[in-house]
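With the hints as a guide, dock the two chains, each given alone in a separate frame, to form the complex.
Chain residues, written in single-letter form:
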Amino acid sequence: MSITYLEAIREAQAKALRNDPRVYIYGQDIAAFGGAFKATKNLAHEFPGRVLDSPISEDAMVGSAIGAAIEGMRPIVEMQFADFSSLAVNQIVNQAATHFWRTGVPCSITIRLPSGGNPGTGPCHSQNLESLYAHFPGLVVMTPGTVEDAYFMLLEAIDLDDPVIFCEHKFLYNRLKTESLPRSGLPTGRARVARAGRDVSIVAYSAMVQEALAAAEELRLKGIEAEVVDLRSVKPLDYDTILASVARTGRLLCVGESWPWGGVNAEVIARVAGHGFHLLDAPPFRINARDTPVPYHPSLWQAHKPTTALIVSHVRQLLEW
Amino acid sequence: MSNTLKELKRDVVPSGFQEQYIKAFKWMLLARTVEDKIVSLWRAGKIAGGVYIGRGQEAISVALGMRIRPGDIYGPLIRDQAGRFAAGEDVLEVLRVYLGSRLGVMRGRDGNVHRGRPREGRYAMISHLGALISVVAGGLLARRLKGDNSAIGATAIGDGGTSTGAFHEAMNLAAVEKLPLVVLVVNNQYAYSTPNSRQFGCRDLVDRAIGYGIDGYSVDATDLKESMEVVNHAVERARSGRGPQMVVGTCLRLSGHAGHDDASYMDRALLQSDVGRDCLDLAEAYLRDQQWADIASIEQWKEDARAEIEEAVIKVQREPPVSPEKEDWCAFATRRFLDSTPAA
Chain A
1 MSITYLEAIR EAQAKALRND PRVYIYGQDI AAFGGAFKAT KNLAHEFPGR VLDSPISEDA
61 MVGSAIGAAI EGMRPIVEMQ FADFSSLAVN QIVNQAATHF WRTGVPCSIT IRLPSGGNPG
121 TGPCHSQNLE SLYAHFPGLV VMTPGTVEDA YFMLLEAIDL DDPVIFCEHK FLYNRLKTES
181 LPRSGLPTGR ARVARAGRDV SIVAYSAMVQ EALAAAEELR LKGIEAEVVD LRSVKPLDYD
241 TILASVARTG RLLCVGESWP WGGVNAEVIA RVAGHGFHLL DAPPFRINAR DTPVPYHPSL
301 WQAHKPTTAL IVSHVRQLLE W
Chain B
1001 MSNTLKELKR DVVPSGFQEQ YIKAFKWMLL ARTVEDKIVS LWRAGKIAGG VYIGRGQEAI
1061 SVALGMRIRP GDIYGPLIRD QAGRFAAGED VLEVLRVYLG SRLGVMRGRD GNVHRGRPRE
1121 GRYAMISHLG ALISVVAGGL LARRLKGDNS AIGATAIGDG GTSTGAFHEA MNLAAVEKLP
1181 LVVLVVNNQY AYSTPNSRQF GCRDLVDRAI GYGIDGYSVD ATDLKESMEV VNHAVERARS
1241 GRGPQMVVGT CLRLSGHAGH DDASYMDRAL LQSDVGRDCL DLAEAYLRDQ QWADIASIEQ
1301 WKEDARAEIE EAVIKVQREP PVSPEKEDWC AFATRRFLDS TPAA
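In order, the protein sequence lines correspond to chains A and B. Under the numbering used here, residues 1 to 321 are what the first sequence spells out, in order. Under the numbering used here, residues 1001 to 1344 are what the second sequence spells out, in order.
One thing to keep in mind: the hints can contain errors.
Computed list of lysine to any residue pairs in SDA-like fashion (alpha-carbon distance at most 25 Å, straight line) [claimed, not checked]:
#1 K1146/B - D159/A
#2 K1146/B - P48/A
#3 K1178/B - G72/A
#4 K1326/B - H314/A
#5 K1146/B - G197/A
#6 K1146/B - L155/A
#7 K1225/B - D1274/B
#8 K15/A - R1237/B
#9 K1326/B - P106/A
#10 K1037/B - V1091/B
#11 K1178/B - R50/A
#12 K38/A - F84/A
#13 K1037/B - H1114/B
#14 K1178/B - V1091/B
#15 K1146/B - F47/A
#16 K15/A - T1334/B
#17 K1225/B - R1242/B
#18 K222/A - L155/A
#19 K1302/B - Y1021/B
#20 K222/A - G197/A
#21 K1046/B - P1324/B
#22 K1146/B - G72/A
#23 K1146/B - N42/A
#24 K15/A - K1046/B
#25 K41/A - L1145/B
#26 K15/A - R1144/B
#27 K1146/B - D29/A
#28 K1146/B - S184/A
#29 K1178/B - G34/A
#30 K1146/B - P21/A
#31 K15/A - Y239/A
#32 K15/A - S184/A
#33 K1178/B - F33/A
These stretches of chain B come out as covered by chain A in the derived footprint (C-beta under 8 Å, 3 or more residues) [to be verified]:
#34 1117-1123
#35 1156-1170
#36 1326-1335
Honestly, the hints are just simulated from the structure, not real lab data. Backbone N, C-alpha and C fix where the C-beta goes; we use that ideal spot for every residue, glycine too.
Just chain B, same shape as in the assembly (with noise of 0.2 Å):
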């Protein structure tokens, strides 16, 4: 139970990581220009609902995705775009919800960041913070009745998220059962407009995991090298039998809470101070310091996103949408209990 990483030699670089590194930065990137390119449709009214995009925390969410495998349990939350890609979407699969196709994977039922393949592993949130923690418990629990213990689940809150009721159930739970979880928690300082001196009362939110008697690790969340580095730790401790895990990640939110918000509110000293760099920027400076990419293989590589977002979404445009008329209107699994007594 500790908050740093002892035993990780952080100025060694393992063999692999390199290639890792650079899979992540594509992934990141991938999402950024996924979110701008949403933001922009919403802005021109191609998309209904909320849009909530994760700038500015796309490394610690990839370097969680990426650590996912096949047979895993993965609920990621509203601001994990990168974690996403990083664990198996694709980009059509992404447009094909925000735009209302008839394929996309919640059918018009519900939308943008709440879609999920539940049966795949890939669990889908709701709105109310903290309560897809104690789903992804179940999971596992489900798995260990099952005589399966080869699976970790992963999910992700906000440093508003912990707030809730449903957060410390959850994560108390996990701990009796002493589930294979991680918990990412991003403190990205803000929760919509709420400032972390409104939030909690602790010094820090990693002093949490001592309360549930579970392993907690503090990251620089703008670091993807760190961030990858931790959540491995963590990822590779709740595979070998030792509990859930909870790393909280320190950044800030590049963005307002969606895009309907201009984040006027925000403390200009905290965009202008370490917590509010670019982990994208930094990542960038990270590859060409190593001589692992140069500018102009970076510029292909934002080409080649944007490229394939585009002919996306120009495909997507063109599929047939969501219609009431096939609709079915049924709740229930169990067909027979449809109504067929209209209300009157």
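In isolation and in its complexed conformation, chain A is listed as follows (with noise of 0.2 Å):
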């Protein structure tokens, strides 16, 4: 048996749907049609009167989940694509981000945003949006990298009290599969070693994840041993396992998709700088998505995003310095 990332997705939500009477999902042609990407498919039949049709209203969809929230339920609320969650920016970053610290009462809800790129999706339809929502206090931003990780994060999302931020890759959904789901995971806030090694660490999330390791694969080859970091969640963000990484190799490559603009990439050197300065060999090196919008053209899109290529051409000029 094989189980892609995107069924991970689906058999996560039919798993809380099963045990969590207080799961509910709601999100534009999710029921009977099982979304745009087929994350819900069958969920409607299996579960009768939980997985909703809303209208087309990114903001009434999750200031409504805040509401039932409120009222003790765990909504999930599905974005058609990552991009429309900015339609929703309003309710998610002033009603659900802050609502456990001004009135105690928690804001369990998970919004899942299908995020990346892929050939031919354009500006519109591209976007990865984990730096804004994680410049937020008080929201759960998690990238998952794996198909383990989008089962059991997705999981863990739901269970806790505070709002999630849900990345998954849309890249990944059908491309990336595993053999069996896991039964456990590491908690949300640790990152994970995906690869050891001594002579760079590779820090990166959601996508990235797989093209650090396809390019440590490459650098093994010519004798350089990269060691990935796979964050998992970018808020929190687990600094100890990024330092201890940086205190092993000494040199730090940070990679992500999204914009550079005051990024996760840039959080990540600047916390590295500030607290293990004495650990580096080299500057930290960060490698983005350009800074413009997401080009429509699969061959503009190639060369708008970090690729192996690149990250193996980036950890040869750390070793030069």
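This is the structure:
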């Protein structure tokens, strides 16, 4: 048996609906149709009345989930694309994120964001918004980069009392597979050393974990042992695991598919520079998408985002510094 | 779906109405008195942040607040002190938040009109207008999913707030889900300084109810009796499963937008017109006309309200203030997510 990243997301929701009567799912075209990407396929049939088609109203979708959470439910909101969550930013950052702080009543909602680029999806269907949401106090931002994490972290997102922005990467939906679903996993807030190495630390998350692992394999053939740290969640961020890795390797390369300005990579580098400057043998580097909207044409898109080849060349520069 | 209530017999005073009217009047009086005190304390520098009062719209606010039962969901807006009192808030709770007492329900983390007790069905508004309506709707959706169809939800918005996308999305969602939601639209003629003519293009805001496919009512919000009758009707319709109800009350905001605003832009003709009448004065006159209260009793009620508020101010000013040392600075409910590495 093999299971994809997308199927893992569906299975996690099925399990949550089965085990927890507080869970329901709200989103566009998710009931009989099973969602634009089929992440809720058959769930409306299996769980009648708990997988509900919403009007095209991102603000009200999230607002209603906040109200339901106040009443003790555990809503999951599916955004059709991460990009459309911009229409719900007010509810997410001013209402959900602040609710526990302001009132003492937790706001346990999970907002699923089908994120990231695919060939041909263009400026309005390719965005990675983890840095935007991580900026706001009170939001947990998850960025699973493996099938196991897509499953286990989504279950944990639903269980957490805090609002969770769950950034699931569309490029991985059907490309990433595993043999079976995990029964346990690392808790949210803990990064994972995806591959041990001694020469350089590559810190990545979401789809970039796979690019980093591919780069590490290429580098191995050249005698370079790269350590790959998968952040798993970008907020909270596991500085201890990052600093321990940099302590082993002395070199840091951060890889993220989102834009560079004020992003996750910038935050990781700022913390390492502030708390682990003495551990560094070279300046920390980062690779992000180019600072333009995400291009539509596949050839431009390939040149817009970090790739395995780009990671390899940056590691070589770091080692030559 | 109609603008007026043909089934209401306006000239007949139903049994128990006198008692309800007097209760409503006392809450209006308490709201007016506490807000006068709050403005005074704000001018004296005792209150941080903005002070937004409901002067002139106490009647329509109280009409909704007094219909809220335990177990209902109520999301008042900035000019709903009368409704808050009627729905169970007490004077101490108001003043603790305004005066920054550590015993205040918001613990200094949010202020003034943003206060609430969500766990008790009293939702806490944010400043972004229209944003609370879908939250109240979601609370009702949750109740339905839990098999509880006994509660209604109620919230308020102003003429300006109806121009937001959030208002439209929430009204439409509530209509699609056929939720027992009562939305009070108080057209007080100005959104901050912007008059109706720069706010919307429709003939009357109540016409929007037709577009949403919900019941809509117009009411003279300066008239307490009419406000109570219309709101009672809308609330009963919501309770009996007739879906969302929209009540549009017309009055004039008898203050600036906030303490700092002298409302010099306000059209004097409006102030002189029927729209500009003070609902509290009208309600007092009605009480006397009906011989439900004489001047001496009304003066005593006013004195009682002032005394209760003065006593509460003295008590709250002696309470410990919020302090940064007592604050835990953790925005997460999950305590282990507290960032232990200070940002360098």
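| message | Run through the hints listed earlier and report the numbers of any the structure violates, in increasing order. | response | When the structure is compared with the hints, numbers 4, 5, 8, 14, 18, 24, 28, 31 turn out to be violated.
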